[in-house]
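Please construct the entire structure, taking both the sequences and the accompanying hints into account.
As a plain string of letters, each chain reads:
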Amino acid sequence: MSVGATPPPSSGAPGAGASGAGASGAVASTSQGKRSWTVRTREAGVGALPPEKLLPDGQPTYVDSWIYVFGVATLAALMVIVGSGLILSLKGPAWWHDTGVGHFFNSIHLWAVELFFFTMVVHLWGKYWMAAWRGGRARVWMTGAIAFLIAIPAALTGYVSQQNFDAQWISTQAKDAMNSIGAGAFFNVTNFGQMYSWHILLFPIAVVGVVAAHVLLVRRHGVVPPFELAERSKPPKQGHPETDGAPS
Amino acid sequence: MIDVISAIFDLNNPAHVVHWHFFEMSLSNVIVICLMLVVFVLAILLPFPGAARRQAARTLKGKSDSAARR
Numbered sequence: 000m001s002v003g004a005t006p007p008p009s010s011g012a013p014g015a016g017a018s019g020a021g022a023s024g025a026v027a028s029t030s031q032g033k034r035s036w037t038v039r040t041r042e043a044g045v046g047a048l049p050p051e052k053l054l055p056d057g058q059p060t061y062v063d064s065w066i067y068v069f070g071v072a073t074l075a076a077l078m079v080i081v082g083s084g085l086i087l088s089l090k091g092p093a094w095w096h097d098t099g100v101g102h103f104f105n106s107i108h109l110w111a112v113e114l115f116f117f118t119m120v121v122h123l124w125g126k127y128w129m130a131a132w133r134g135g136r137a138r139v140w141m142t143g144a145i146a147f148l149i150a151i152p153a154a155l156t157g158y159v160s161q162q163n164f165d166a167q168w169i170s171t172q173a174k175d176a177m178n179s180i181g182a183g184a185f186f187n188v189t190n191f192g193q194m195y196s197w198h199i200l201l202f203p204i205a206v207v208g209v210v211a212a213h214v215l216l217v218r219r220h221g222v223v224p225p226f227e228l229a230e231r232s233k234p235p236k237q238g239h240p241e242t243d244g245a246p247s
Numbered sequence: 000m001i002d003v004i005s006a007i008f009d010l011n012n013p014a015h016v017v018h019w020h021f022f023e024m025s026l027s028n029v030i031v032i033c034l035m036l037v038v039f040v041l042a043i044l045l046p047f048p049g050a051a052r053r054q055a056a057r058t059l060k061g062k063s064d065s066a067a068r069r
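Line by line, the protein sequences are chains A and B.
For the first sequence, the residue numbers in numbering that gives the first Met the number 0 are 0 to 247.
For the second sequence, the residue numbers in numbering that gives the first Met the number 0 are 0 to 69.
Derived from the structure by calculation, the hints contain no laboratory data.
Owing to the predicted nature of the structure, the values given are computational and were not obtained by experimental measurement.
Treat each hint with caution, since some may be false.
Stated by the list, open to error - Interface residues of chain A toward chain B, partial, derived using beta-carbon atoms under 10 angstroms:
id, residue
1, VAL62
2, SER64
3, VAL68
4, PHE103
5, PHE116
Said to hold, decoys possible - The following label-pair restraints were derived from C-beta to C-beta distances:
id, chain 1, residue 1, chain 2, residue 2, range
6, A, GLN172, B, LEU36, 24 to 30 angstroms
7, A, GLY192, B, PRO46, 49 to 55 angstroms
8, A, HIS102, B, ALA51, 40 to 46 angstroms
C-beta: ideal position from N, C-alpha, C; glycine also.
Take a look at the structure:
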């Protein structure tokens, strides 16, 4: 896999002694200059997100509020969306239209989407009024905004993939909008196969990927503190770290 | 059960629309947006369960720590 990897203890390579070669051999090989990409990736990952930050055992006092619940509620809804969507995609349109269980999963999927957008919008309002981009959290804010923007066409492609009159109505209305912005040729909302591919593969990968980046960035920078706490912790006569983008 | 629910939420009609000057939106969307505003305000105003207890425990711990340092 990698040129500079630690040789096995039995290889008799320099640095791998006859007894207890593992640890000393690893130190020797990494100190010899060229390190493998796995080591560099691991060190970068652990440096950016040490385990106690990635999976903390507590949160600051100010997180004891209902307004901080909506982000994780959005995540929970996304998990239900992905789970129910997986089952719907495996079983197909005939199942979700013609069977009781299919109707049930169809409804679970729809209402999880409604809940997803509901909680995401309340989360967005809360973070907007907290100015959650303070303290070097600009990327946290931007990934959240991008997740919201990608979720909209993800939902649209779902509505036009229902395989019913509702989907036909929505797709013909959306066709005009897509044509008017010049996207109708390659993003054809009346083409079920194309929309279904976008809906069950490309948009889910994009949404889940951006949401994962968003959560990891939240873990890295921590939950944004209230204005009063940020002011109190600010060092005297040293500019404004909340507004100049300094890392937290 | 389904008959009762469908009697309350009769969907076999064109959607109701709220129309005021330039503003036009389906009633269901207006209801959802109003609900989001209500939930947002409640989330700010309502106390979080156990927050006061945890705050009291932290204050007590802070006091005992500072007493131990002295």
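Hint-by-hint comparison with the structure:
Taking 10 angstroms as the C-beta cut-off, the interface hint given for A:VAL62 holds, the closest approach to chain B being about 9 angstroms. A cut of 10 angstroms between beta carbons decides the hint on A:SER64: the least distance to chain B is about 5 angstroms, and the hint holds. Interface hint status for A:VAL68: upheld, as the beta-carbon distance to the closest one in chain B is roughly 7 angstroms, under 10 angstroms. Restraint check, A:PHE103 versus chain B: the minimum CB separation of about 13 angstroms is more than 10 angstroms; hint violated.
For A:PHE116, the interface hint holds, since its Cβ comes within 10 angstroms of a Cβ in chain B; the closest pair sits about 9 angstroms apart. Between A:GLN172 and B:LEU36 the beta carbons are some 27 angstroms apart, a value that agrees with the proposed interval 24 to 30 angstroms. The supplied range of 49 to 55 angstroms is met by A:GLY192 and B:PRO46, whose beta-carbon atoms lie about 51 angstroms from each other. Checked against the hint of 40 to 46 angstroms, the C-beta distance between A:HIS102 and B:ALA51 comes to roughly 44 angstroms, which is consistent with it.
When the structure is compared with the earlier hints, a violation turns up for hint 4 alone.
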